[in-house]
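Participant: Residues per chain are reported as follows:
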Amino acid sequence: MALCKLNTFINVIRHNTPNPILCKSLTKTNSVGYCKPLLVGSQRWLFHESSRKGGYETEHKISNFQHLKNGFKELKDELKLFKEEVKELIITDPLLVARPGETDMIWCFNEPSKLESFTTTCDSDHNEGFSKCSFDMSSAGRGLFHGYLDTRVPKDGRIKKAGYCAMRSKRVRKSFKRAGTYDWHLYNTLVLKIRGDGRSYLLNISCEGFYDITWNDIYHYVLYTRGGPYWQIAKIPFSKFVLGSKGRLQDKQTRFRFDRVTHFGISCGDKIVGNFDLEIEYIGLEFDPTHNEEFAYEMYKTDKYIVGV
Amino acid sequence: MANKILGHFLRSRPSMMMFKRWESSEPEKRVTIHDPFYSQPQKNKETYLEVVKMFEGRDNRRRGHVEFIYAALARMKEFGVQKDLEVYKALVEVLPKGKFIPKNIFQAEFMHYPKQQQCAVDLLEQMEDNKVMPDTEMEQMLLNIFGARGIPLRKFWRMMYWMPKFRNLSPWYLPEQLPNDTTELAKLAIQRITSVDPDTKIEIWQTEEIEASLDKTWVVSAQSEAQKILLAEQPTDDPLVVKGPFNIYLREQVVNYFLLIGKIRPEIKDNTDPDDVSNIEKPRGIPGLIGTTTLPAVRQTVHEQDDGTIVSVCATGTSSRDSLLSWIRLLEKYGNPQLSSIPVIFTLTAPPSEMAIQETQPAIKDSQEKEESRI
Chain A
1 MALCKLNTFI NVIRHNTPNP ILCKSLTKTN SVGYCKPLLV GSQRWLFHES
51 SRKGGYETEH KISNFQHLKN GFKELKDELK LFKEEVKELI ITDPLLVARP
101 GETDMIWCFN EPSKLESFTT TCDSDHNEGF SKCSFDMSSA GRGLFHGYLD
151 TRVPKDGRIK KAGYCAMRSK RVRKSFKRAG TYDWHLYNTL VLKIRGDGRS
201 YLLNISCEGF YDITWNDIYH YVLYTRGGPY WQIAKIPFSK FVLGSKGRLQ
251 DKQTRFRFDR VTHFGISCGD KIVGNFDLEI EYIGLEFDPT HNEEFAYEMY
301 KTDKYIVGV
Chain B
1 MANKILGHFL RSRPSMMMFK RWESSEPEKR VTIHDPFYSQ PQKNKETYLE
51 VVKMFEGRDN RRRGHVEFIY AALARMKEFG VQKDLEVYKA LVEVLPKGKF
101 IPKNIFQAEF MHYPKQQQCA VDLLEQMEDN KVMPDTEMEQ MLLNIFGARG
151 IPLRKFWRMM YWMPKFRNLS PWYLPEQLPN DTTELAKLAI QRITSVDPDT
201 KIEIWQTEEI EASLDKTWVV SAQSEAQKIL LAEQPTDDPL VVKGPFNIYL
251 REQVVNYFLL IGKIRPEIKD NTDPDDVSNI EKPRGIPGLI GTTTLPAVRQ
301 TVHEQDDGTI VSVCATGTSS RDSLLSWIRL LEKYGNPQLS SIPVIFTLTA
351 PPSEMAIQET QPAIKDSQEK EESRI
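Chains as they are written, first to last, in full-length UniProt numbering: chain A, 1 to 309; chain B, 1 to 375.
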């Protein structure tokens, strides 16, 4: 009974005096289900990031015993992988120069098994929108990133904007589940053979590091598509990529570390509602000796405490 | 004791404490919402600016200007002014000058007047989302309101650094204002598709030229000389295929286009050893000097893609099957007489006019919960 009254009291406060301090203290004291609408507005914890997923964990919790069992099952494959690694270390000499003008493919989507190196996400996965997407084989036998982009915002009072679809490569790893990185330092150009629908897409190169400050660093560039049945080859120099963190362009720009690339991805979020199709034949790298630009964006000297704050 | 007092306090009726002042015996006299945007008879730029002027003139102190700006930002699409820089300037003008400028370092550091600054940042962000680039006048206005240390100024400078860099980056130029005429729009789309071959000729035909046609509409068709030759060389027993509709986006406008696709020419395998000098052939000819000047018979053109030879591209006014039939007849009439002897198959998905887009928002959580409970 007293709880009931307390809740009506909270409601009164909510409607008449939006006092955040009071609201917060009250939500702590009562444990009724609808303390949630009191905390309107997103809360940010700015001191550190607690997880790489940023609150979007989808992993299933399993018991330690199950974990152990699964680990033993995978031990054989991991040992095999480790053997290959050691073999490679002994046998191969490292490649020192890339052949100019030749494209080295990283991903060539010519059979269904090749599509498994990518995962797709969209805002409807976490009930944050209504977009849908998938990465399949097209009728021409290539990778097809397609779906429906929807900018409608779910009416939950929390989300302001919606509408994105993305595909991203899985984290490259070494044996025993050690995280690895792509080493692209021989090259300076990204090459994609694509067939789009006239929309523009976003290319994302993630360079996650050890510390949480770098976990959300993604280097972006726009991929314009012509549209139509003709294939196009897009060559984008690495120097053009701009640094963003959680989608916001940063004031202090640097080019990315070519040997520390963790993910590559393409996303569609151009605020245009409708179906999208992007057919990809391959994603490759090239060394272009004529391109000697180090970084495409100039930096200016400003007053103290204006930039990067 | 304290618990008792608190319990008594909570048990007393809240309406006695709080509601009494707003309660009225007559329901008509209760507080109603006044929305000047809603009451406008015509929704255009003039009436929008009129409402902003009305707000400015109503009260010297401009109470509730942050709430007003947020309300005005939300109504922009309704009035069709979301791409108009002048309107954004009028909204910035609502904020008072001078009051929000920090006077010491502590004010500057700890975000002086945070609600107002956040409001201006949100306004700038909406400009960015609608691809409206601010100008130096806007900078002056913001400087007068928030001073050089304000957060909105930082947002403004960031916008002025990045937006010009990305504004004209697209390799396929589109005019600022897309044409309203569907024929012109289709022509732009077909031009964009066929920009791979600069030789392509784009023609606009009327289906009325074909007597048997039912749909009286236009056809924007594109074909290059190379495609004409490729069509002429198609075997007469294998059918050509009309495929579509496919989408091409010109910003937010979608144009449906169709393809006429033929067979790929067989690849010629050259097994001769270039190092074998026992039997050297006379060279086929160096153009302008000796021999014949005709080009080799098999030539890889851009139109020969790996899933077929694209013979022609078109967009029609109705995208109907009948208009596509008229397109084939028109192609036959204008320079492709072989089409009379080659069969053509129409593999079309349902006409786009029959498609329906789901308008209502599907309920997210409730329906899922219901489904779970059913299980």
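If you're looking for bench data, these hints aren't it; they were derived computationally from the structure. Keep in mind that a hint or two might mislead.
[As the list claims (entries may be wrong)] The calculated DSBU-like cross-link candidates involving lysine-lysine, where the alpha carbons are at most 30 Å apart (straight line), are: (1) A:Lys-246 / B:Lys-165; (2) B:Lys-115 / A:Lys-160; (3) A:Lys-161 / A:Lys-69; (4) B:Lys-115 / A:Lys-304; (5) A:Lys-155 / B:Lys-165; (6) B:Lys-243 / A:Lys-132; (7) B:Lys-103 / A:Lys-252; (8) A:Lys-271 / B:Lys-333; (9) B:Lys-103 / A:Lys-114; (10) B:Lys-201 / B:Lys-333; (11) A:Lys-155 / B:Lys-115; (12) B:Lys-77 / B:Lys-115; (13) A:Lys-69 / A:Lys-114; (14) A:Lys-304 / B:Lys-43; (15) B:Lys-99 / A:Lys-271; (16) B:Lys-103 / A:Lys-301.
Just so you know, these numbers come straight off a predicted model, no measurement behind them.
Participant: Hint by hint, say whether it matches the structure.
Facilitator: Outcome of the hint check:
At most 30 Å may separate the alpha-carbon atoms for a hinted pair to count; Lys-246 of chain A and Lys-165 of chain B meet this at roughly 21 Å. A distance of roughly 17 Å separates the Cα atoms of Lys-115 of chain B and Lys-160 of chain A; the hinted pair therefore holds under the 30 Å criterion. For the given pair, Lys-161 of chain A sits about 43 Å from Lys-69 of chain A by alpha-carbon distance, which is inconsistent with the 30 Å threshold. Using a Cα cut-off of 30 Å, the hinted pair Lys-115 of chain B and Lys-304 of chain A holds, with the two alpha carbons roughly 24 Å apart.
Among the hinted pairs, Lys-155 of chain A with Lys-165 of chain B is inconsistent with the structure: their alpha-carbon atoms are about 35 Å apart, more than 30 Å. For the proposed pair Lys-243 of chain B and Lys-132 of chain A, the alpha carbon gap of about 25 Å is at most 30 Å, so the pair holds. With a CA separation close to 28 Å, the supplied pair Lys-103 of chain B and Lys-252 of chain A stays within the 30 Å bound. Proposed proximity of Lys-271 of chain A and Lys-333 of chain B is contradicted: the alpha carbons are some 42 Å apart, above 30 Å.
Taking the CA atoms of Lys-103 of chain B and Lys-114 of chain A, the gap is about 61 Å. The hint is violated against a cut of 30 Å. Among the hinted pairs, Lys-201 of chain B with Lys-333 of chain B is consistent with the structure: their alpha-carbon atoms are about 15 Å apart, no more than 30 Å. Among the hinted pairs, Lys-155 of chain A with Lys-115 of chain B is consistent with the structure: their alpha-carbon atoms are about 24 Å apart, no more than 30 Å. Proposed proximity of Lys-77 of chain B and Lys-115 of chain B is supported: the alpha carbons are some 24 Å apart, at most 30 Å.
Distance check on the hinted pair: Lys-69 of chain A and Lys-114 of chain A sit about 29 Å apart at the alpha-carbon level, within 30 Å; holds. A C-alpha spacing of about 46 Å is found between Lys-304 of chain A and Lys-43 of chain B, which places the hinted pair above 30 Å, so the restraint is violated. The suggested pairing of Lys-99 of chain B with Lys-271 of chain A is violated, with an alpha-carbon distance near 37 Å, which exceeds 30 Å. With a C-alpha separation of about 24 Å, the suggested pairing of Lys-103 of chain B with Lys-301 of chain A holds against the 30 Å cut-off.
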